[in-house]
Structures are given as C-alpha cells and as structure tokens.
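Input sequences plus hints: build the corresponding full structure.
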Amino acid sequence: MDPHLVDSLFTTAALAHLKSIVQLRDAVLTGPSTTDAQLAATEILIGGWGCPVLDGDLLARMPLLHTVIYTAGTVKGFATDELFARGVKISSGADTNALPVAEFTLAAILLAGKRVFELDAGYRATGDYRPFARQPRQWGNYGITVGIISASRIGRRVIELLAPFDVNVLLYDPIHTVPGVENVDFDYLLAHSDVVSLHAPELPETRHMVDAGALALMRDGATLINTARGSLVDDRALLAELTARRLHAVVDVTEPDVLPAGSPWFDAPNLTLTPHIAGSQGNEMFRLGDSAVREIERVLAGRPLRHLVRQEALHITA
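Each residue of the sequence shown is one higher than the one before, counting from 633 in this note's numbering.
Hint data in this document are derived by calculation from the structure and do not stem from the laboratory.
Hints may be right or wrong, so weigh each one.
The calculated DSSO-like cross-link candidates involving lysine-lysine, where the alpha carbons are at most 30 Å apart (straight line), are [stated by the list, open to error]: (1) K708 with K651; (2) K721 with K708; (3) K721 with K651.
With beta-carbon atoms standing in for the labels, derived distance ranges [as the list claims (entries may be wrong)]: (4) R938 with V660: 47 to 53 Å; (5) E814 with E916: 28 to 34 Å; (6) A645 with A757: 28 to 34 Å.
Every residue, glycine too, gets a C-beta built ideally from N, C-alpha and C.
Below you can see the structure in the form of structure tokens.
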C-alpha cells in the first residue's frame, strides 16, 4: 500500500486500535527498505490501490501469509491463481465502497427526475424562472420508472435506497434477481424507463452493451447514468444523442478514464460529467479503513471474513 494511503484510510483511533491487536509493520510490500525477514513474518497483508501482483515469486517470500485485506474494490489486478491455490483468503472493500456509489446514483436519479441538471443550465442561460410550468408531467419523481442494469452489489444497493420513494423499479440481469423487483429483458427496460442506471461489471460481454441501438430505444428526454465503467457505453453513440438533445446523461466514468484535452465530452450538452468520484472520497475513505479493521478482528477471532472474495465468482463480477 502507498504509505500516503494510510492516513487517508485510517483515522487516528482506528490506526491505534489496529496497532493494539496486531504487530503492525510500516513496511511497504515492494518498497526498497522492505526486507525479506519482514516479508517472511507477514501473516496478514493490508492492501490498497496500487497493490502489486501477488505472483509466485512474491508469495514465496511470504510463506506465512494467510489473509489479504484489500481496502479497495476489484481484486483482479493483483489476485493470481497462485494466491488462491495457496489457500490465501482475500477480503475486498468492494461491498463497503458500493455504498457511496449507490448514494451518488440515488442523488443523480432524484435530481434527474426533478430536471435539476437541465434547469440549472437553462435558468442561468435564459433567466426563465419556470421553464417547465407548461410540462408538469415531465417534471418530478412521482411514479417515474427507474431501470437498473445489473443486480450487482451496487445495483442492489441502489434498489434498496430507492425503496422509500414513489418510483417503479425495473431490473435487467441475465443471472440474478431481486425479490420484489420486476426482472425484464434489456430492450424492455430501455424502452420503459425514465432513468436508466448502469451497474454491470466490465467484461468482454458487456463492452458497449449500451450502443446506438440501445440508446435509440430509450424514451425521449430519458436520462442515462453511468457510475460503472466507461467501456459499457459506446461513447460516440451517446455523444450523438446528447448533441441532438434527445437524451440526458450523468457520466462519472469514461473511456479512457482520464479524458484528453479537447475531448468532446467537455462540450457535450445535456450532460453532467464528473471525474470518477462516485466511489469513496475524502471522509468516506475512513469507512474502508474501519471495514478493514473489522475484517482483521474476524480473522483474529477465527470467524469467517464478511467480505470474502471467491475465485469462482471473479468472471462475473467487477
């Protein structure tokens, strides 16, 4: 873990508690000052963004390692077959990080229903105080239909957060269902939703799942929200719909993730664009650290990990 991440993830109290229950070393896994002796004595590894690949060579230097507590989301960047073959258990912060993403999505859904994004731009540009006064049925959240693409951990959290509101929820997921939520096919969801929110994993099968044909099915004036991965959407097709001002979008992730200067995303109308901030930021990072400490407490007590990563599920998860 990057040493700078420690202060971002752990409050003073959490770090003090962690030091009281384990022998915590400040050594960085691949740091120049980390010795073979330190690695050889490591039983629990706390990782975060930038965690190196835990391949056979590195694992050979940590014969006592039995648990990896990862404070970020996907483990695909470092979790190797050798790691699982060794029987090392992995805990991921993906479930914990799902909450702020779901909260961001809920806010975007409600603001989209109230047409806040377009009213903000329109009011400042024209000074028109009540531009929608003649179109009340297109304004508000009562009885709108929200389409959730994928019953992933974030998709399920969004559905849970929507429960208190007077909205209809549709779900598209080819594998999973959510009790009480109507699971429909992909085209039906697109054609019958006022707001469509993407929560599918990044897989070869999901690349550009929202293409020109899919976008054409969406209702005039509907909003697409993407807090998942930029690769899920054909950006040229979406930009064309936005430029035509037929659809609206809230986009937190793009492809590439860091947009170059002059990208058409920066000038697109009907778009609210954020720089991949839906996940844990600022004080929300402490939730990830607190979750990691609780997982370590479970390990020490001989209890199962709450956020155990299963190798057989990696091919269908983020």
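Now the hints, each set against the structure:
no., hint, result
1, K708 with K651, "holds, 29 Å"
2, K721 with K708, "holds, 14 Å"
3, K721 with K651, "holds, 21 Å"
4, R938 with V660: 47 to 53 Å, "violated, 26 Å"
5, E814 with E916: 28 to 34 Å, "holds, 32 Å"
6, A645 with A757: 28 to 34 Å, "violated, 48 Å"
The structure is inconsistent with the numbered hints 4, 6, although it conforms to all the rest.
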